[in-house]
Amino acid sequence: RSREMAKLTQLIDNEVFRAYATYATIVLVKMMLMSLITAYFRVTRKAFVNPEDTASFGKGESAKKYLRTDPDVERVRRGHLNDLENIVPFLGIGLLYAFSGPDLYTALLHFRIFAGARITHSFAYLIPLPQPSRGLSWVVGYAVTLSMAYKVLKTALYL
Amino acid sequence: RSREMAKLTQLIDNEVFRAYATYATIVLVKMMLMSLITAYFRVTRKAFVNPEDTASFGKGESAKKYLRTDPDVERVRRGHLNDLENIVPFLGIGLLYAFSGPDLYTALLHFRIFAGARITHSFAYLIPLPQPSRGLSWVVGYAVTLSMAYKVLKTALYL
Amino acid sequence: RSREMAKLTQLIDNEVFRAYATYATIVLVKMMLMSLITAYFRVTRKAFVNPEDTASFGKGESAKKYLRTDPDVERVRRGHLNDLENIVPFLGIGLLYAFSGPDLYTALLHFRIFAGARITHSFAYLIPLPQPSRGLSWVVGYAVTLSMAYKVLKTALYL
Chain S
8 RSREMAKLTQ LIDNEVFRAY ATYATIVLVK MMLMSLITAY FRVTRKAFVN
58 PEDTASFGKG ESAKKYLRTD PDVERVRRGH LNDLENIVPF LGIGLLYAFS
108 GPDLYTALLH FRIFAGARIT HSFAYLIPLP QPSRGLSWVV GYAVTLSMAY
158 KVLKTALYL
Chain P
8 RSREMAKLTQ LIDNEVFRAY ATYATIVLVK MMLMSLITAY FRVTRKAFVN
58 PEDTASFGKG ESAKKYLRTD PDVERVRRGH LNDLENIVPF LGIGLLYAFS
108 GPDLYTALLH FRIFAGARIT HSFAYLIPLP QPSRGLSWVV GYAVTLSMAY
158 KVLKTALYL
Chain D
8 RSREMAKLTQ LIDNEVFRAY ATYATIVLVK MMLMSLITAY FRVTRKAFVN
58 PEDTASFGKG ESAKKYLRTD PDVERVRRGH LNDLENIVPF LGIGLLYAFS
108 GPDLYTALLH FRIFAGARIT HSFAYLIPLP QPSRGLSWVV GYAVTLSMAY
158 KVLKTALYL
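Protein chains in written order, with the working numbering: chain S, 8 to 166; chain P, 8 to 166; chain D, 8 to 166.
For the record, the hints were derived by calculation from the structure and aren't laboratory data. Accuracy of the hints is not assured; some may be wrong.
As the list makes no split between identical chains, a pair holds if one copy fits it or if it spans any two.
Derived DSBU-like pairs: lysine-lysine, alpha-carbon spacing no greater than 30 angstroms straight-line [to be verified]:
1. Lys161 - Lys72
2. Lys158 - Lys71
3. Lys66 - Lys37
4. Lys72 - Lys158
5. Lys158 - Lys53
6. Lys72 - Lys53
7. Lys53 - Lys71
8. Lys158 - Lys37
9. Lys53 - Lys161
10. Lys161 - Lys71
11. Lys66 - Lys158
12. Lys161 - Lys66
From a predicted model like this one, the values you see are computed outputs, not experimental measurements.
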């Protein structure tokens, strides 16, 4: 068993894989932050969606008024969904890309630009910055993912 | 080719990787169940969103009344989205964590607590249980994922 | 380092893994297309959700009227979310399945049917085709994923 474990951990010695592990973890933790920001706005704006969440504010009509939508809460939720839509492809395609034998410099370039674009996208969405800040940061992350997808298909294509 | 195949399947002999494969599959299948529960409530509550889904109920106004939202359907859909938001990070970070050389006992502890927390979360959301059941189960899964993210970054950090 | 890199890239020489890489990339790029289709409908239908996105249409009330929902936009968004709900399980379970030692023919069958089902699902949702087209294509992708989950648990189960 210990030899197999050694083998498994050798993967984490590969620099491209380590770079992927680092940036994948960073963008996933960033995405997880959106949950906390949503919760923060729900509590401070008193805007909930589940009746059981407002039970502590009292019973009946006095609690019911907190079952409402709030523009700030909805904005964070849209940013969160946009993260899911874009980080899931990065997660899958990026892992396969790391196995497709890119050189370290090119791989780092892809991972860094993607992470930078998604962090910028979150700030652009939450502040919010005037367009085209959010649009451009979205496009950059999208293009980086497509570039990795091209490399994966060029290397691995087996239909 | 057969030697490569052998190598590939050796991964599945590693106990940490097997544990990850088991619990990742369990939480993903649990998440998939949410689709079935949504479909069940859509049919029994007759609450649809696409006009083509109500065509069998007749034409025009008689079918149109089934294009509506239903609190039970919306509740399951929120639970499903919450699963996506939390199980996607577990999927990515958990895989990298399995490659970061944790000892088997610690890894199992992480995977078991996460799976238990997410199953509890679904029951707390769907029944629904009074708060803080849902909140606590969410926090536990979140904390376990962050703990694995910390281990991944500590082991693999390559910026 | 170069030997480790060689090892890493050997994975991409395995035919089952290459098939997974190919079909996973195809369905992820297909999912990414949903973002572009949403953007296309938002612009052509002039139906936006963020005030900063309508700033170029003028100020105040003249821009505010474009902050609205549109049935075509909402339809694409539902298709996109359905993709997330179904492609995320395929991504995770499919990868583990590729490591569980299936024979190449069976693996290709699973991957091809899943990709075909999800592409059909998108056409059925967007055109839209009369039911049960969308329902059936959804069921087929769901069943294929469960079949792979069964193989993973049978091979790797470690609770």
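To see whether the hints hold, each was checked on the structure:
| no. | hint | in the structure |
| --- | --- | --- |
| 1 | Lys161 - Lys72 | neither (56 angstroms within a copy, 46 angstroms between copies) |
| 2 | Lys158 - Lys71 | neither (53 angstroms within a copy, 43 angstroms between copies) |
| 3 | Lys66 - Lys37 | neither (36 angstroms within a copy, 33 angstroms between copies) |
| 4 | Lys72 - Lys158 | neither (53 angstroms within a copy, 43 angstroms between copies) |
| 5 | Lys158 - Lys53 | neither (47 angstroms within a copy, 36 angstroms between copies) |
| 6 | Lys72 - Lys53 | both (9 angstroms within a copy, 27 angstroms between copies) |
| 7 | Lys53 - Lys71 | both (11 angstroms within a copy, 26 angstroms between copies) |
| 8 | Lys158 - Lys37 | both (26 angstroms within a copy, 16 angstroms between copies) |
| 9 | Lys53 - Lys161 | neither (51 angstroms within a copy, 38 angstroms between copies) |
| 10 | Lys161 - Lys71 | neither (56 angstroms within a copy, 46 angstroms between copies) |
| 11 | Lys66 - Lys158 | neither (58 angstroms within a copy, 44 angstroms between copies) |
| 12 | Lys161 - Lys66 | neither (61 angstroms within a copy, 48 angstroms between copies) |
Of the numbered hints listed earlier, those contradicted by the structure are 1, 2, 3, 4, 5, 9, 10, 11 and 12.
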